[in-house]
Amino acid sequence: MAANTRDRDATFQEVLERQGWHRPAALERRAGSLPPWELDSALRLSLALAGEEAEQDLETWRRAMYREGRRRLFPRRFEAASDPVAAVASYFFPLAAAVLRAQAARGGDRIAVRLPFAPLTADEIAAWPAGEEYRRLLPFLEEEGFLVTLTTAQEWLGFSIADHVLGVTGLCLWIGRQLARTVPVDLPLLHGAAIGHDIGKFGCIGAEERAIPRLHYFYTHQWYHSRGLLDIGHIATNHSCWDLEPIRLPVETQLLIYADFRVKDAAGPDGRESMHITSLGTAFAAIRDKLENLDRPKLRRYEGVYRKLRDLEDYLLHLGVDLDPPGFATRPVRPPRLPHGLEVVRILAGTERPDRAALATGRDLLTTARLFSTAHNI
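Each residue of the sequence shown is one higher than the last, beginning at 390 in the working numbering.
Keep in mind the hints are simulated off the structure, nothing from the lab. Even glycine gets a Cβ: it sits at the ideal position worked out from N, Cα and C. Just so you know, not all the hints are guaranteed correct.
Label pairs and their in silico Cβ distance ranges [what the hints assert, rightly or not]:
hint, residue 1, residue 2, range
1, H729, A674, 27 to 35 Å
2, Q402, P721, 42 to 50 Å
3, R524, L604, 23 to 31 Å
4, P721, R465, 43 to 51 Å
In silico EDC-like cross-links for lysine to aspartate or glutamate, where the CA-CA straight-line distance does not exceed 20 Å [unchecked claim]:
hint, residue 1, residue 2
5, K653, D713
6, K679, D654
7, K653, E544
8, K687, E634
9, K653, D678
10, K653, E692
11, K679, E598
Put together the whole structure using the sequences plus the hints.
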């Protein structure tokens, strides 16, 4: 049973009512007494609705719901669920959607709670070429329970994928909305690609799981392509920083790569690693220190990727873009130094003579060249 779209904004009791499920008074009381921000609460209610015995620690059923979430995303990769699992899942996914709303309302330190997924506004969707494809994407995310599966992977299995995906998505949208005032950034294309850029990780099974960093691009492509979401899927699939060639990449791809680079695991005050939105420089150091088989050629290639991302970041700063979403301040970055009064966009648009660019000298000359190159690529 697919989740009703309105369940995204409903409490447990409202979901029970809207779905029309049989609910004895005892079950109604239980729905009101369980913590609405815990996935286990949704699971316990689902087991009761399906008439299944709940284990003390729920571990078997947690794994069953996680596997069912993956199966919904990649039905050809997994065998059909057993009747008991299918019955519990039909209740669990709508109820778990209410949990995500309760978590966002309650707040907390996790990125996924602070930057919950919210569709673009109707005006934003209508304003860009990818709007119609984006409209078709949203029901797939809802009906297949993608956001719920992200959360089960993080809360029940200990992965940080929900914080990463929603951090990347939130950062992309924060920057993209600002940049779109100056540069034509297709927001539905960017937002739809960001939310699903790592969806392919759920399609890797068996021995493939050891190669998720390399294989998930393929399954991300499969997910979008099989649903006819070709344009958004193209951006989502091509988010590898190693293929960062700005001259042939759309601005939406460059922004996705930039955001993906910056949302990384980092040690907190207690020494434990968790997902953070970091500065570009901090992310560079963290990824460099984790690279496998690091030799001089690989390091040079990685440094080249960083320089291209830094050029993009400098151009964003030149255009007055705030790099950090509210509440996620990182180490301040100074805007690039250019000849006084030089505005790259106005010169490219032909509304300002290029005199200031032509007369740049010293360090200003190199910075000016980098920013004009980045602007031309976009």
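Requested in this report: Decide if the proposed pair is consistent with the structure: K679 and D654, CA atoms, cutoff 20 Å inclusive.
Outcome: holds, 11 Å
Requested in this report: Take the C-beta atom of Q402 and the C-beta atom of P721, compute their distance, and say whether it sits inside 42 to 50 Å.
Outcome: holds, 46 Å
**Report entry** Holds or violated: K653 to D678, with C-alpha atoms at most 20 Å apart
**Finding:** Answer holds: K653 to D678 is near 13 Å, not above 20 Å.
Query raised in the report: Quick one: are H729 and A674 within 27 to 35 Å, going by C-beta?
Result: Because 33 Å falls inside the window, the suggested range holds.
Query raised in the report: Would the pair K653 and E544 pass a check requiring their Cα atoms to be no farther apart than 20 Å?
Result: holds, 18 Å
Query raised in the report: Straight-line Cα separation of K679 and E598 no greater than 20 Å?
Result: Given that 20 Å is the threshold and the Cα spacing comes to 19 Å, the pair holds.
Requested in this report: Using the Cβ atoms, figure out if P721 sits within 43 to 51 Å of R465.
Outcome: Distance hint for P721, R465 holds at roughly 48 Å.
Query - Pair hint K687 and E634, alpha-carbon separation not exceeding 20 Å - result: holds, 16 Å
Report task. Can you let me know if the beta-carbon spacing of R524 and L604 is within 23 to 31 Å? Result -> Cβ of R524 to Cβ of L604: about 30 Å, so the range 23 to 31 Å holds.
Query raised in the report: Between K653 and D713, is the straight-line Cα distance small enough, at 20 Å or below?
Result: holds, 14 Å
**Report entry** Proposed proximity, E692 with K653 (alpha carbon, max 20 Å)
**Finding:** Cα-Cα ~17 Å, so holds.
Consistency note: the structure conflicts with none of the earlier hints.
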